[in-house]
Amino acid sequence: MTVVATLSRQPGRPRSRSSAWRGLLYIAPAMALVILFFVVPVIVTAWMSLHAWPLMGAQRWIGISNYVRMIHDARFLSALRFTGLYTVVATIAIFAVAFPLALFVEKQRRFVGAYRTVIFLPVVVGLATASLLWVWLANVDSGFIGPLLKELGLVERSPNLLASFDAAFLTIIVMVVWKIAGFTMIILLTGLQAIPSDIVEAARIDGAKRWQRFRYLTLPLMRRTIALALIISVTGSILAFDQFYIMTAGGPQNRMISVVYYIFNQSFVSFNLGYGASLSIVLLAILVAISIVQLWLLKVGDDKA
Amino acid sequence: MTMTQSAFTLDPTMTDTRPTDAANEAAKAARARRRRNGAVAYHVAGAAIALFFLAPFAIAFLASFRSGPESMTPPLPPWPTTAFSLDSYRSLDTFGAGVWQHTLNSLVVSLATVILTVAISLLAGYGFSRYRFPFKNTLFVLIIATLMIPFQSILTPLFIILAKLGLNNSLFGLVLVYVTLQLPFSVFMMRNAFDAVPKEIEEAARIDGARDLKLLVRVLLPLVLPGAATVAIFAFLNAWNEFLAALVLLSSNDNYTMPVLMMAVRAGRLGAINWGAVQAGVVVMTIPCLIIFLLLQRYYMRGLMAGAVK
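Protein sequence lines correspond, in order, to chains A and B.
In case it helps, my numbering puts the first sequence at residues 1 to 305.
In case it helps, my numbering puts the second sequence at residues 1001 to 1310.
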């Protein structure tokens, strides 16, 4: 203890061995968990990906065969394509709703806090819960959406929203927008509120129209925030699983199998653990690449600011 | 730069207008009217937006109290029309080991995740903030870098490692995985919280004879409590809501957390889905999240901002 007290008076000096040990002791539990449940599993995944690894029986070294196999795996390629499509559509939809919402709740006025809270509520429930809720709402006989449309006389018969690809895809997009838009809204709101109000006020006095102020002031000043919200939305969408598993079970015609869903099927339904591991490595590489782009984007934003 | 200049050129009509008093009054009244209309339009839009985000919860909540036969019909209107009934909750109770058991599983997992996450990130945050040791920055970056790696890609080895530890199909094993997933965010939060505490406070406490864990718990914990609250809320919500890892790592019926149990309800029996049980399950899984968020919104938003700003 005396050591620490003395040393804190002399910052910059290397601390004694006992102090270093104590510091390591404090972080030991966290390090142990991260190594045991993150670092080791990543290494094991890479190792497994080079094997034919059935659930029972001996695993066999097969080099990069798993990676060669996936290039010709039509179902994997279609899972990749579907995940890409979903990521693009979901991200655009979320932004198209979240940005206007952020502008809507930006100014301090009456009830604005209540609006923010209500819009944010779906964010705090689970994606699995939300999927379950919406699979009921979208049900053809016992749900809400179809029967309501029929009741309003907009359709002859209550439509089965989860039976065709287009309708099911649209339903899932609406569910995800409902669930996530509040989150993106809050992120964008922090960016909006970080814009110095005197700049905007000066532009207004100078006669800049509302759209001009938005286009030439707000958007450029929000680059960093938009990049961040974009990355969060893209990574979240690439890892989508719950909504497809719960709402459509990968249907109709198995056309809604996302990459994570496909890995899940390969690893835990077909028990091709080695092949599942190689797919996982590809997924991991995609996400690390995105993280690197993220760091780069945010850094570029820094230089501009 | 050129774009900005062209955008900010003055509007000549705005500069030289000197209206008379009467015109001034009329203009003022018109402006007030416009503002009032604007406010009305704003709140009409606000109410419509709020309805969209609130309605699914409200419909599920109200509909879950309809009687057995009624629960299979569309929720038009969503509230019980014959009589208030707990049929849906009763039928939910017939799945798995009963709704109490699975709610309890979820609660145990979530609370254990909260306690362990707070304890471990408190220690690690303190260590990273106050001590100097070899590879300190490398180790900190290692913890944060796990944010880049999706846990979805390491589920198989997690399964194998837990099995080797004798923790397969165990709630405690699931807790350890959840705690690890929470660590990057939590350690980051707690280190920042400790960084914000002035060193003088610690020195004064040391002079008074408090040291090590006692110093940490008695003196520093109250000062970093807001940070710990943020960590706790995120740990609870993420553990309570997590689905995929629970689905993969839990194999016996009795251990299922609520989201996994709900898959049995979703699958239905003999091809028929009991929608009443689905509604009841959604309510059971939703209520704790909403209550915690509404009570501790301030701490939740702090965590979100910390994440967004970093």
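In case anyone wonders, no lab produced these hints; they're calculated from the structure.
One or more hints might be untrue.
Said to hold, decoys possible - Computed list of chain B residues with no C-beta within reach of chain A, every gap over 12 angstroms:
1. Asn-1024
2. Pro-1080
3. Leu-1086
4. Tyr-1089
5. Trp-1100
6. Arg-1132
7. Thr-1146
8. Ala-1196
9. Leu-1223
10. Ser-1252
11. Ile-1273
12. Ile-1292
Unchecked claim - Sample of chain A residues at the chain B side, in silico, Cβ under 10 angstroms:
13. Gly-57
14. Gly-84
15. Leu-85
16. Thr-117
17. Glu-156
18. Ile-186
19. Phe-268
20. Ser-280
By construction, the Cβ of each residue, glycine as well, lies at the ideal position given by its N, Cα and C atoms.
Checked hints:
With 12 angstroms as the threshold on Cβ separation, the claim that Asn-1024(B) sits away from chain A holds: the shortest Cβ distance comes to roughly 20 angstroms. Interface exclusion of Pro-1080(B) from chain A stands, the closest Cβ pair being 15 angstroms apart, more than 12 angstroms. Chain A leaves Leu-1086(B) outside its interface by the beta-carbon criterion, the shortest separation being 18 angstroms against a cut-off of 12 angstroms. Interface exclusion of Tyr-1089(B) from chain A stands, the closest Cβ pair being 15 angstroms apart, more than 12 angstroms.
Every CB of chain A lies more than 12 angstroms from the CB of Trp-1100(B), the least distance being 18 angstroms, so the non-interface label holds. The beta carbon of Arg-1132(B) is not kept farther than 12 angstroms from every beta carbon of chain A, the shortest such distance being approximately 5 angstroms. Taking the minimum C-beta to C-beta distance to chain A, about 5 angstroms, the non-interface status of Thr-1146(B) is violated against the 12 angstroms cut. Listed as outside the interface, Ala-1196(B) is consistent with that label: its C-beta sits roughly 17 angstroms from the nearest C-beta of chain A, beyond the 12 angstroms cut-off.
Chain A leaves Leu-1223(B) outside its interface by the beta-carbon criterion, the shortest separation being 17 angstroms against a cut-off of 12 angstroms. With 12 angstroms as the threshold on Cβ separation, the claim that Ser-1252(B) sits away from chain A holds: the shortest Cβ distance comes to roughly 15 angstroms. At roughly 8 angstroms, the least C-beta separation between Ile-1273(B) and chain A is not larger than 12 angstroms, which violates its mark as non-interface. Look at Ile-1292(B): its CB is around 8 angstroms from the nearest CB on chain A, not clear of 12 angstroms, so calling it non-interface is violated.
The interface hint given for Gly-57(A) is broken, as the beta carbon of that residue sits about 15 angstroms from the closest beta carbon of chain B, more than 10 angstroms. At a threshold of 10 angstroms, the smallest CB-CB gap from Gly-84(A) to chain B is about 16 angstroms, leaving the interface hint violated. Taken as an interface hint, Leu-85(A) does not check out: its beta carbon lies about 19 angstroms from the nearest beta carbon of chain B, beyond 10 angstroms. For Thr-117(A), the interface hint holds, the least distance from its beta-carbon to any beta-carbon of chain B being 7 angstroms, beneath 10 angstroms.
Using the Cβ-Cβ criterion of 10 angstroms, the hint placing Glu-156(A) at the interface with chain B is not satisfied: the shortest such distance is roughly 16 angstroms. With its C-beta approaching chain B no nearer than about 6 angstroms, Ile-186(A) sits inside the 10 angstroms limit, and its interface hint holds. With a cut of 10 angstroms, the hint placing Phe-268(A) at the interface with chain B holds, because the nearest CB-to-CB distance is about 6 angstroms. A least Cβ separation of about 4 angstroms between Ser-280(A) and chain B falls short of the 10 angstroms threshold, and the interface hint therefore holds.
Violation of the numbered hints given earlier is confined to hints 6, 7, 11, 12, 13, 14, 15, 17; the remaining hints are satisfied by the structure.
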